[in-house]
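Chains Z and R, in that order, are what the protein sequence lines are.
Residue 204 in UniProt numbering is what sits at position 204 of the first sequence, and the numbering runs on without skipping anything.
Residue 225 in UniProt numbering is what sits at position 225 of the second sequence, and the numbering runs on without skipping anything.
Hints are computed from structural coordinates only; laboratory data are not their basis.
C-beta: ideal position from N, C-alpha, C; glycine also.
One thing to keep in mind: the hints can contain errors.
To be verified - With a straight-line Cα cutoff of 20 Å, these simulated SDA-like cross-link-like pairs (lysine to any residue) come out:
1) R:Lys258 x Z:Met177
2) R:Lys67 x Z:Leu289
3) Z:Lys97 x R:Ser305
4) R:Lys174 x Z:Ala376
5) R:Lys174 x Z:Ser179
6) R:Lys67 x Z:Asn294
7) R:Lys260 x Z:Leu379
8) Z:Lys128 x R:Lys258
9) R:Lys67 x Z:Leu379
10) R:Lys258 x Z:Asn63
11) Z:Lys97 x R:Lys258
12) R:Lys260 x Z:Asn294
13) R:Lys260 x Z:Leu289
14) R:Lys68 x Z:Leu289
Stated by the list, open to error - Far from chain Z by the CB rule (all over 10 Å, computed), these chain R residues:
15) Ala30
16) Gly172
17) Glu302
18) Glu340
Claimed, not checked - Partial chain Z-side listing against chain R, Cβ under 7 Å, derived:
19) Gly140
20) Thr176
21) Met177
22) Ser179
23) Asp219
24) Ser281
25) Pro299
26) Gly382
27) Val387
28) Glu389
29) Pro401
30) Tyr410
31) Gln414
32) Ser416
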Amino acid sequence: MTDASASPVSPAAAPSAPSSLYEQSSRTKKRNASEKRFRAYGLTAIAVGLMSLVVLLISILGNGLPSFKQTYIVMDVELRADVLDKNGNRDPADIAKVMTFGYTPLIKQAAQAMVQEMGSDIEGLTDKMIGDMISKEAAGQLRNYVMKNPDMIGTTQQFKFLANGRIDGYFKGRVTMESAALDGNVTPEQLMAADEMAAAGYMTTAINPGFLTAPDASDQRPEAAGLGVAILGSVYMMLVVLVLALPIGVAASIYLEEFAPKNWVTDVIEVNISNLAAVPSIVFGILGLAIFINFAHLPQSAPVVGGLVLTLMTLPTIIISTRASLKSVPPSIKDAALGVGASKMQTVFHHVLPLAMPGILTGAIIGLAQALGETAPLLLIGMVAFVREYPGMPPEGLFDPSTALPVQVYNWTQRSDPAFFERASGAIIVLLVMLVLMNLVAIILRRRFERRW
Amino acid sequence: MKLIKLSASALAIAAISATAASARDQVQVAGSSTVLPYANIVAELFGENFDFPTPVVESGGSSAGLKKFCEGVGENTVDIANSSRSIREKEIKACAENGVTDIIEVRIGYDGIVFASDINGPAYTAFTEAQWYTALAQEIVVDGALVTNPNTTWADVDASLPAEEIQAFIPGTKHGTREVFEEKVLLAGCEATGALDAMMNELGMSEDDAETACMSVRTDGRSVDIDGDYTETLARIESNPTGVGVFGLSFYENNTSKLKVATMSGVSPSTETIATGEYPVSRPLFFYIKKAHFGVIPGLKEYASFFVNDAVAGPGGPLSEYGLTPDPELGATQSMIENEETMASGS
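The following block holds chain Z by itself, in its conformation from the complex:
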């Protein structure tokens, strides 16, 4: 009996670890604590990520949303025949000889007349200041109108012009009286006059469709700059990428996955494809310049060249995702098809490919989205440029010069006028919306066609 407690294990274990469910042992406590800590780390990581996303979105939206609105001036302009058609014969060739420089004084006089009519008495407001409140784009707008309607010469017509970028900035809060006092391009008197015009209803701030449709404008006219050419260029490039990359990528991956023998050649190809997916995009730009422009003599700045370069860039992404989704089709389905006597090609096209389609499409769209946001390769093929002419309809239009959305962002951030900063943020918003839409399509396709086994 005395040696009943002599067992070396039980007395040592029993008193120190009263394995109760209500009381945790120190080891359990430690384990639980470390789990809690890990969860906290994870939450912090997500919070940091979300915070930076929120900050990014707020700054972009804050800076960019104003570019979707614009300040306009409505005024009556007398189309003086003695200036616009000196010979009085309404001959289009004669009218065309009057350049925009001839139209500018008409607009300035009209603005001065308007201010006089308002009976404004702002001290120090000169005629030149009044004239400078209207965008330089107005002269071109007026000339176009007169060229189209030569009969209107001699009459007085009402026009809606853009306000100068600084005046526009005043209504958006970018320019203040204090900054205007220091600014060489706008004066507080002009801002006061703008206030009066707004009160009298001549100056209004409205939605700006031109931001999405108008072409780029020069450094003197930030108010007129738009994304029209860039959006068209991006769409054209995506078309080229879709038409080329999807069939080539899908065909390559089907062959590699289903038909190719497994030997060192296919291994080398496989390694190269994975490698290419990680190559910096500028490398593809250099390749594009050498092959498509210098060797194949395709035109510079053309969406077709951009599309070809981006095709090369997205191919690895598409091949990798396509192969992954082909692999995920259960072998039992393939075996069943082969078992009932289908040929290998029938098996692939009737069974494997349709089942892998959602994955392939998702991969393709994500590849496209990546290509949409790419600037670096376009730099070398001349698409980072000032382009004002819209490209024509495809397929000829694919060979006309154009820019792309990310290029427009890059271009605008380089301009000296601060108004372009707002435009650049606006362009980022458009780009983000397009990316969200594309990813949304990817998700919808996946949801619709996805099958579970």
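Assemble chain R onto chain Z, guided by the hints.
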């Protein structure tokens, strides 16, 4: 089946791209980012006023533009290179090797380089070339010997300057502006302080070596090369208000509410002082045309002569409004384009 259709259309596109070396109908321009805004303004006006399409203007720097320009003659090469410096012998040779021989040089006007700092920052209001040289040179002459630049604050350089750490943002080497900065500021300052003489006479350096020493910029982080454009310089100044940046005059004039400009040797920069030559740091701006493209690319000659038209590049025109100092000899340039005088035949 869809796949086959897609592949067929892909092939069709490829076939088109192989055959369609369609004639280019718009002027293509590449080159200097300093000339870019002026070229954009002219291109826009040109498109508005003529039946020709608006020219396409690329930027990327003077050297990159001239390199592209010299790639050869033909529709898929650029017609015009913008440059913020004159073309070098080396580049003319490279051009000639590729068949670009008849080049027309067009001087469009002058551009000033200004020294500006944050509007609420320290009082950098007056500089001289000598001060910039003493502040930024890699090595300076002290007591007859070449030593690593010991100056850490502007007050070390000159007691009249604020006692702030030296922090300068200067254009990177790929910019044409850098060349002007080195020659008109650093080298001029080197001469003004007598350092150039000292290096040549007392230290026995050759003239070339001495000039190179004058123009080498310190690399200890007090001088920062900006390879981007002036918006980057502005961003650096905004985050570092005690710094001083080098800008183009037109950029400064668009951002007078954020920057204050310093005088150089007592002259404040403006298109007037640059035109009279009083303001020392200015340089001519150029563009170069391939004569072989006249008559091949529609609108090329019209664009070139429109660019130097009195109404465009002259006093009071849109370019001078934006900050370009008009060239007093614009008339000669106009007739040069009219007669298609190339660099070899003209002057």
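Each hint tested on the structure:
1. With a C-alpha separation of about 14 Å, the suggested pairing of Lys258 (chain R) with Met177 (chain Z) holds against the 20 Å cut-off.
2. As the CA atoms of Lys67 (chain R) and Leu289 (chain Z) are separated by approximately 14 Å, the hinted pair is consistent with the 20 Å bound.
3. Restraint check for Lys97 (chain Z) and Ser305 (chain R): satisfied, since their Cα atoms lie roughly 16 Å apart, inside the 20 Å limit.
4. The straight-line distance between the Cα atoms of Lys174 (chain R) and Ala376 (chain Z) is roughly 18 Å, inside the 20 Å bound, and the hint therefore holds.
5. Restraint check: the Cα-Cα separation between Lys174 (chain R) and Ser179 (chain Z) comes to about 34 Å, which exceeds 20 Å; the hinted pair is violated.
6. Restraint check: the Cα-Cα separation between Lys67 (chain R) and Asn294 (chain Z) comes to about 14 Å, which is no more than 20 Å; the hinted pair holds.
7. Our distance criterion of 20 Å between C-alpha atoms is broken by Lys260 (chain R) and Leu379 (chain Z), whose separation comes to about 34 Å.
8. Restraint check: the Cα-Cα separation between Lys128 (chain Z) and Lys258 (chain R) comes to about 24 Å, which exceeds 20 Å; the hinted pair is violated.
9. Taking the CA atoms of Lys67 (chain R) and Leu379 (chain Z), the gap is about 15 Å. The hint holds against a cut of 20 Å.
10. For the suggested pair Lys258 (chain R) and Asn63 (chain Z), the alpha carbons sit about 18 Å apart, so the restraint of at most 20 Å is met.
11. Straight-line distance between C-alpha atoms of Lys97 (chain Z) and Lys258 (chain R) comes to about 41 Å, which puts the hinted pair past the 20 Å bound.
12. Taking the CA atoms of Lys260 (chain R) and Asn294 (chain Z), the gap is about 46 Å. The hint is violated against a cut of 20 Å.
13. A C-alpha spacing of about 42 Å is found between Lys260 (chain R) and Leu289 (chain Z), which places the hinted pair above 20 Å, so the restraint is violated.
14. With a C-alpha separation of about 11 Å, the suggested pairing of Lys68 (chain R) with Leu289 (chain Z) holds against the 20 Å cut-off.
15. Remark: the non-interface label on Ala30 (chain R) conflicts with the geometry, its nearest Cβ contact in chain Z lying 7 Å away (cut-off 10 Å).
16. Distance check for Gly172 (chain R) against chain Z: the nearest CB is about 14 Å away, which clears 10 Å, and the non-interface claim stands.
17. With a least CB separation of 12 Å from chain Z, Glu302 (chain R) remains clear of the 10 Å interface cut-off, as annotated.
18. The beta carbon of Glu340 (chain R) sits about 23 Å from the closest Cβ of chain Z, which is more than 10 Å, so the claim that it is off the interface holds.
19. Hint status for Gly140 (chain Z) relative to chain R: holds, with the closest Cβ pair at about 4 Å, below 7 Å.
20. A cut of 7 Å between beta carbons decides the hint on Thr176 (chain Z): the least distance to chain R is about 9 Å, and the hint is violated.
21. Interface restraint check: Met177 (chain Z) against chain R, minimum CB-CB distance 11 Å, threshold 7 Å, status violated.
22. With a cut of 7 Å, the hint placing Ser179 (chain Z) at the interface with chain R holds, because the nearest CB-to-CB distance is about 4 Å.
23. Using the Cβ-Cβ criterion of 7 Å, the hint placing Asp219 (chain Z) at the interface with chain R is satisfied: the shortest such distance is roughly 4 Å.
24. Restraint check, Ser281 (chain Z) versus chain R: the minimum CB separation of about 17 Å is more than 7 Å; hint violated.
25. Interface hint status for Pro299 (chain Z): upheld, as the beta-carbon distance to the closest one in chain R is roughly 6 Å, under 7 Å.
26. Satisfaction of the interface hint for Gly382 (chain Z) is found here, the shortest Cβ-Cβ separation to chain R being roughly 6 Å, below the 7 Å cut-off.
27. With 7 Å as the threshold, the beta carbon of Val387 (chain Z) comes within range of chain R, its nearest partner Cβ sitting at about 5 Å, so the hint holds.
28. Annotation: Glu389 (chain Z) was flagged as interfacial toward chain R, and the flag holds, the nearest CB pair being 5 Å apart, inside 7 Å.
29. Taking 7 Å as the C-beta cut-off, the interface hint given for Pro401 (chain Z) holds, the closest approach to chain R being about 5 Å.
30. Evaluation of the Tyr410 (chain Z) hint against chain R yields a violated restraint, the C-beta minimum of about 10 Å exceeding 7 Å.
31. A cut of 7 Å between beta carbons decides the hint on Gln414 (chain Z): the least distance to chain R is about 5 Å, and the hint holds.
32. Because the smallest distance between the Cβ of Ser416 (chain Z) and any Cβ of chain R comes to about 4 Å, under 7 Å, the interface hint for this residue holds.
Violation of the numbered hints given earlier is confined to hints 5, 7, 8, 11, 12, 13, 15, 20, 21, 24, 30; the remaining hints are satisfied by the structure.
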